[in-house]
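> Position chain B relative to chain A; hints supplied.
Protein chains: 2
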Amino acid sequence: MKYPQGIKARQKPKSNDKVSYGQRGMTLEKDIDKTNQYYLDTKKAVIHKKPTPVQIVNVDYPSRNKAKITEAYFKVPSTSDYNGIYKGKYIDFEAKETRNKTRFPFINIHAHQVEHMRACHNTGGIVFLIIKFTVYDEVFLYPFEHFVKHWDNFMADGRKSIPYEDIKNESILLPIKYNPRYDYLAALEEFYSEME
Amino acid sequence: MKYPQGIKARQKPKSNDKVSYGQRGMTLEKDIDKTNQYYLDTKKAVIHKKPTPVQIVNVDYPSRNKAKITEAYFKVPSTSDYNGIYKGKYIDFEAKETRNKTRFPFINIHAHQVEHMRACHNTGGIVFLIIKFTVYDEVFLYPFEHFVKHWDNFMADGRKSIPYEDIKNESILLPIKYNPRYDYLAALEEFYSEME
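Those sequence lines, one after another, are chains A and B. So the mapping is simple: my numbering equals the position in the first sequence, first residue as 1, plus 389. So the mapping is simple: my numbering equals the position in the second sequence, first residue as 1, plus 389.
A hint or two may mislead.
In this list, chains with the same sequence are indistinguishable; a pair is considered to hold if it fits within one copy or across any two.
What the hints assert, rightly or not - 27 Å max Cα-Cα, derived DSS-like pairs, lysine-lysine: (1) LYS433 to LYS457; (2) LYS455 to LYS423; (3) LYS455 to LYS485; (4) LYS438 to LYS476; (5) LYS485 to LYS557; (6) LYS538 to LYS549.
Because the hints were derived from the structure by calculation, they are not lab data.
Chain A on its own, in the form it takes in the complex (with noise of 0.2 Å):
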């Protein structure tokens, strides 16, 4: 497996899909922070990841000026981690990327981050997935719509992950670019009629 752009390879997590914090998903993150700077420096959205949400425990005060946290934990987010504006509208997305071939699992995708991802879908915002498969360098935009019916399918009856064929089916394959790396904002243009 090849790692483009000088990303060193990922410790190999322990046992199972599980991939802590730290690593996971670094090369689809940083492509799309770029993305995002760069609708931000051309004006088009704004558009930004959250921060990784932290419980903080204890803190020093070594000096005045510097607050040194020591003690500190994940929390699981309550939020999708992409939000922003585009031409008026609010934007939500969530990014993941997997090694699986055949599906996606839907091991890293909290209750919580979909039901706030269906909150604002039915508030009227735009809201979608970016999954990557890594195996195929292939990205897609995943229009929520077509998402929540997996979901909702998986909450019902346990079905743990969406096939390859109906992501390929119900997203569109985002070209790979220099800059920006994944204009996913042109791919929202062609799916959504609202949005002149």
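Just chain B, lined up with the frame of chain A:
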């Protein structure tokens, strides 16, 4: 000074206006969190406080399932603290309180935050500040359009604060109720005619 709702008195900061992150503006923040929860529960809007941005330097893994952050530092926020969606529109605001009686000092507002708010405003978002004068127990919704004139003067000629009277004249005073605590969306409706 009375502390309603069982909020403990804050430790007095050591010297000047600066208050450490953990203590700053907790009362206002909790009241806004309650208001946002009310909006969420009543499906009126989806608005959240962003997590405090933290630079994580070291993480221990004492057991398989619990990562413990042992060294981290507060980062200067590059966006405002609150954002979300109301009637399909993007909402973005910052909340600050001051004990000052005659003016609102810019001391706790970062230039990056103001430029973020400016970008959101220019992209069509609804942007404002919620400013509390604790001495008067008055909370104002202060539209960014007005705030930014004072900020730009500050950048140009160094005037470090906004007079209380100006804020009073250019804001909507938020009535304090039990629930929602501060109905800032109702105040927004007064200001922005395009939100039918």
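> So, for every hint listed, does it hold in this structure?
Against the structure, the hints come out as follows:
1. LYS433 to LYS457: Neither: 37 Å inside a copy, 39 Å across copies.
2. LYS455 to LYS423: neither (29 Å within a copy, 31 Å between copies)
3. LYS455 to LYS485: between (34 Å within a copy, 22 Å between copies)
4. LYS438 to LYS476: both (18 Å within a copy, 22 Å between copies)
5. LYS485 to LYS557: Within one copy only: 15 Å inside, 46 Å across.
6. LYS538 to LYS549: within (13 Å within a copy, 53 Å between copies)
In this structure, the earlier hints numbered 1 and 2 are contradicted, and the remaining ones agree with it.
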